[in-house]
Amino acid sequence: MINALPTAVARGPNLSKDRIKKRYAAEARYKFYGLAAISVAILFLAILLVTIVGKGYSAFVQTAIAIDVNLDKSLIDSDNKGDVETLTQADYRAVVRASLRNLFPAGVTRGQERDYFSVFSESAQYDVQKLVLNNPSLIGTTQRIWVKSAPDIDMLRKGYVGAADDGSQRLNLTQKAFYDKLVADGRVRTQFNTTFFTAADSREAEQAGVLGAIMGTFMTLAVTLILVLPIGIAAAVYLEEFAPKNRWTDLIEVNINNLAAVPSIVFGLLGVAVLLQWFGMPRSAPIAGGVVLALLVLPTIIIAGRSALKAVPPSIREAALGVGASRLQTIGHHVLPLAMPGILTGTIIGMAHALGESAPLLMIGMVAFVVDVPTSLTHASTVLPVQIFLWADAPERAFEERTSAAIMVLLVFLIMMNLVAILLRKKFERRW
Amino acid sequence: MAEINVTLPPRESTPAAASKIKLSARNVGVFYGAANALRDVNMDFEENQVISLIGPSGCGKSTFLRCINRMNDTIPGCRVVGSINMDGTNIYSADIDPVELRARVGMVFQKPNPFPKSIYDNIAYGPRIHGMVSTKTEMDEVVEWALRSAGLWEEVKDRLLQPGTGLSGGQQQRLCIARAIAVHPEVILMDEPCSALDPIATAKVEELIDELRQTFTIIIVTHSMQQAARVSQRTAFFHMGNLVEEGPTDVIFTKPKDQRTGAYITGRIG
Amino acid sequence: MNNFILIATVLASTALAYHYGRRRALGVVGGKPRDLHSLPGYHGAYMALWCLLPAAIFVAIWIAIEPTVVRQIIAGSLVQAQPGLTGNALDLAVNEIHSLSINAFAYSSASAEKKALVARYQELQGIGTAAMATIALVLVAAGLFYGSKSIAPRMRARQAVERVIMWTMVGCATIAILTTIGIIMSLLFEAMRFFQFVSPIDFLFGLQWSPQIAMRSDQVGSSGAFGAVPVFAGTLLITAISMAVAVPIGLMSAIYMAEYSSKKFRSWAKPLLEILAGVPTVVYGFFAALTVAPFVRDTGHAIGLNVASESALAAGLVMGIMIIPFVSSLSDDVINAVPQSLRDGAYAMGATKSETIRQVIIPAAFPGIVGSIMLAVSRAIGETMIVVMAAGMAANLTANPFAAVTTVTVQIVTLLIGDQEFDSPKTLAAFALGLVLFVVTLILNIIALTVVRRYREQYD
Ligand SMILES: Nc1ncnc2c1ncn2[C@@H]1O[C@H](COP(=O)(O)OP(=O)(O)OP(=O)(O)O)[C@@H](O)[C@H]1O
Ligand SMILES: [Mg+2]
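Protein chains in written order, with numbering that gives the first Met the number 0: chain Y, 0 to 431; chain V, 0 to 269; chain A, 0 to 459.
Treat the hints with care, as some may be off.
Pairwise CB distance ranges (calculated) [stated by the list, open to error]:
#1 Y/Val60 with A/Gly40: 29 to 35 Å
#2 A/Ile60 with Y/Val52: 49 to 55 Å
#3 A/Arg453 with Y/Lys21: 46 to 52 Å
#4 Y/Thr377 with A/Met184: 50 to 56 Å
#5 Y/Ala24 with V/Gly76: 25 to 31 Å
#6 V/Ala195 with Y/Trp247: 37 to 43 Å
#7 A/Ala141 with Y/Pro243: 31 to 37 Å
Derived DSS-like pairs: lysine-lysine, alpha-carbon spacing no greater than 27 Å straight-line [claimed, not checked]:
#8 A/Lys352 with Y/Lys20
#9 V/Lys110 with V/Lys156
#10 V/Lys19 with V/Lys256
#11 A/Lys262 with A/Lys352
#12 Y/Lys21 with V/Lys135
#13 A/Lys352 with Y/Lys425
#14 V/Lys156 with V/Lys116
#15 V/Lys135 with Y/Lys20
#16 V/Lys256 with Y/Lys21
#17 Y/Lys80 with Y/Lys129
#18 Y/Lys16 with A/Lys352
Calculated directly from the structure, the hints in this document are not laboratory data.
Virtual Cβ for every residue (Gly too), placed ideally from N, Cα, C.
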């Protein structure tokens, strides 16, 4: 029967040059698609990062204008009281305005002053106030200080906007001319934007900073970490080392895996319904945000913890049990210390995830507009990603720049956390 | 017959005299990274014969077998030196295409590895990629012929569309043999094809090998002396990466020249 | 502050109890630990637990119950003053008292009656806190007493302590279950309340979505349109677009990395792809809204298409980018799980690499790949920030990728943000949408995880 070859078989494989060539062309095409796919993905990443950095780097500097303030005694402390109260309450706005007028070209009418004043930031008065409070003896002198320009001027200097009189630009030509004159007088410089790192949110772009959001993030994540680390380790140890194999633990296992894939916004709804409504936790507060994030990352950390425990070879457990240690002692003295680097790596990655999370925090109201750096777990505050969300919505060009800069800050935190995780893993990597 | 437009000399249309040399290996050596797994093998394979390769575990039998259809190319870090001529052409020369070569030198592995597809599609895979058939009827013919040749047709003809992975181990191995012969290669390499099979399945495969010999040249690696004695005309003994001796099976088994061969056959080494 | 002192006192007593327990245990055997059943440390821990646990459990229960009790009492006085008050209105009134008590600004403008109630409310809270602290301290003392009495040489302190630790661990493991139960219960409960206003049929099959109307007319439910089909359709559209981006790119990347690339290429390409998964979604949202959406719109206009500035295409595109690494890393695992013997089998027949991949590896890995795509779909459906920032709010029922659509997650966010009224169908609708979202993603996840696990086991 072997010899009764069907003609197709007898002919054998078709190895004609043409056909082989075609097959190899298909091969090359296929390989190309693969490479193209990876390239496209990496290209997207590059575009994303370049866009963010390209938009955001200029927010780290800021335009400042030198003004000579006459710390006029009659405006600040006419009754010569000299106490802090008086000095704090004084009308520094008037002080600043009086000094600014000296800079204006001759013949500017009251009606035109608006245009000129709006070249400077309203924050100048606070700078002057601080100056006086720090050193009351300066009253009566004239001091040159650098104050922030208005964001529009900052944008002009950075080349993002122009000026026009037809209303198409936020700056008109008068303001531009005034700015040019200030430049010519050597009164304009670009300085490091410290405000961005020392202030909380503000409606005025030049006075807005990320410190409030960073503190909010720290407090929220601290709550998360305090909850998630002990609970995650305890749960992982129980499930990996003690849990009998039965329906109940199967259910827990399936449940944890599924919970890790539940959309984060659902945790936000849980937070609203249970934490805010049921337990009456304060809205917008780090404590509530921290608990929500803890529930969100707990499954990830339990899964990571279990795999770290699984990687510890059974021989270690047997050795400890063999010298008469109880099971808990075995775990506590031997297994857990060995698994700890793995657990910590998983925890850091989980925390990095929590750091980038914003949707559930939106739900529980951490979108508050917070002008003060939060100091308590129960005060309204916001977190970095949510701050980014808020600023992204602001129409001003200066906020666009700051949004990108805030993203860069967030990414730096994320990169640092991941680096620590990688280093930890490298340092403690063990081959059994 | 296929268009004669390929680098390897085409298949002879009629089987040549029994003594025609199909393959000859010259100074073949293999390195896995720095480790030299095979040294200086010189050996000829005649057409329409079964040649068995024997030797203790790790001596390089599989390694040598995989040289013959260049399966070693798929192992990163593996390097082959020397030459293997097939019908007078060195299969390791630069212009030889391994894909083309493997269409002509098929292989059956130690562990049955049917594709996770239907029995029918397992067989049809080779003819399809090599463009051997143009109609469904032709394909049916090929599948039936291959399964009949592998002695599997009666067992599976009613469930051709069920997955090949659902067959028993012995059936799977015969399916893999059927899959290999469906492209009608000239040489079939078998690496311990019966090691996962029970005696009855083994007997069936051995019978099959003997029948296939009329059409194909078969090189088989085996750990069973009896199997080597039963199925092969010639036998080669490998030891620690060297080809120790090679000759007609009965000579190797009754009057080995090298004392290591004798020792292995009688079970003293290996 | 009072709470802080209470906690500090309890913790300090616990620490003291530990030391005392140790010392006492050594004392009862005259300083010879070998006569003790358990190490002295366990006796210390035993006492510390007696000191801490009863008080902690009591405080937890108290904190859970107290607000309800106080509200009941306040509700009682409210009803006395205003006999007609019941149900939701009563709830609202109590809520008002609560918010007045924490909001000094609102308090200053409240009526005198209300101020009196707030004072009562705060007084009750004060009494509650004081009572709690007292009882807790009594429990601490009682625990100390009992614990120290039971210390004896043969006392199995270790077993007792270990049992507590075990139960604590069981408790921790159960939190995951409790979270799920919490999610299900809260979604179900609030959704039920929503379905009292709007029938589930209207919600699931209605074609008109405009929750804002209900707000304006101040007429609960009757005039708002809560037909969620346009919202579901928008979600599907954006998900489909994102999958159209993520599946081919992710899958081909995985194939290339698993089958073609050198180790070296893989060692830097894989982490780079994973960075895409690590970028916070709010960053993608910003990128989508500020860069991609205008680009898509302008490109569309340039070729004469009418593209909305918040087009589904832009949001879907960016979401697709975000999902690429999920598809690629899951598929990569799945493809690597295909045994080498199958590849060998195909190569030995003279198949080229791409023929092997297409006809052997992908079919073999198919269930696993489907599983990972389902996980990616579930991820896309639940993704929030990108769509909140880049997709619209307009509930258009359309399949046109250039139009603006809205999604389930966008609606949940916009319905709930900044709104604290939990009685209007508008806010409750968020929970109904959340319930649908949860159920759909849960089903997808369960199927996907099962499929992937089965697949893994097949080749183990
Ligand atoms: N992929 C590989 N990488 C590195 N070394 C290898 C590889 N495959 C085989 N070797 C080594 O090459 C040598 C020969 O191996 P080979 O598989 O050819 O032995 P064998 O004779 O087939 O043995 P067995 O009878 O057990 O199948 C062994 O030392 C083995 O360790
Ligand atoms: Mg072998």
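For each hint, the structure was consulted:
As the Cβ distance of Y/Val60 to A/Gly40 is approximately 59 Å, the hint placing it in 29 to 35 Å is violated. As the Cβ distance of A/Ile60 to Y/Val52 is approximately 53 Å, the hint placing it in 49 to 55 Å holds. Roughly 38 Å separates the CB atoms of A/Arg453 and Y/Lys21, a value that falls outside the hinted 46 to 52 Å. One distance hint, 50 to 56 Å for the beta-carbon pair Y/Thr377 and A/Met184, is violated here, with the actual separation near 26 Å.
Separation of Y/Ala24 from V/Gly76 is about 29 Å and conforms to the stated range, judged on CB atoms against 25 to 31 Å. Evaluation of the 37 to 43 Å hint for V/Ala195 and Y/Trp247 yields a pass: the beta carbon distance comes to about 40 Å. The supplied range of 31 to 37 Å is met by A/Ala141 and Y/Pro243, whose beta-carbon atoms lie about 35 Å from each other. With a CA separation close to 14 Å, the supplied pair A/Lys352 and Y/Lys20 stays within the 27 Å bound.
With a C-alpha separation of about 23 Å, the suggested pairing of V/Lys110 with V/Lys156 holds against the 27 Å cut-off. With a C-alpha separation of about 25 Å, the suggested pair V/Lys19 and V/Lys256 falls inside the 27 Å cut-off, and the hint holds. Taking the CA atoms of A/Lys262 and A/Lys352, the gap is near 17 Å; set against the 27 Å cutoff, the hint holds. About 22 Å separates the Cα atoms of Y/Lys21 and V/Lys135, which keeps this hinted pair within 27 Å; it holds.
Only pairs whose Cα atoms come within 27 Å are accepted, and A/Lys352 paired with Y/Lys425 is rejected, the gap being roughly 35 Å. Between V/Lys156 and V/Lys116, the direct Cα distance comes to roughly 16 Å. Compliance with the 27 Å bound is thereby established for this hinted pair. In summary, the hint linking V/Lys135 to Y/Lys20 is supported, as the alpha carbons are separated by about 25 Å, within the 27 Å threshold. Our distance criterion of 27 Å between C-alpha atoms is broken by V/Lys256 and Y/Lys21, whose separation comes to about 51 Å.
With a CA separation close to 18 Å, the supplied pair Y/Lys80 and Y/Lys129 stays within the 27 Å bound. Taking the CA atoms of Y/Lys16 and A/Lys352, the gap is near 18 Å; set against the 27 Å cutoff, the hint holds.
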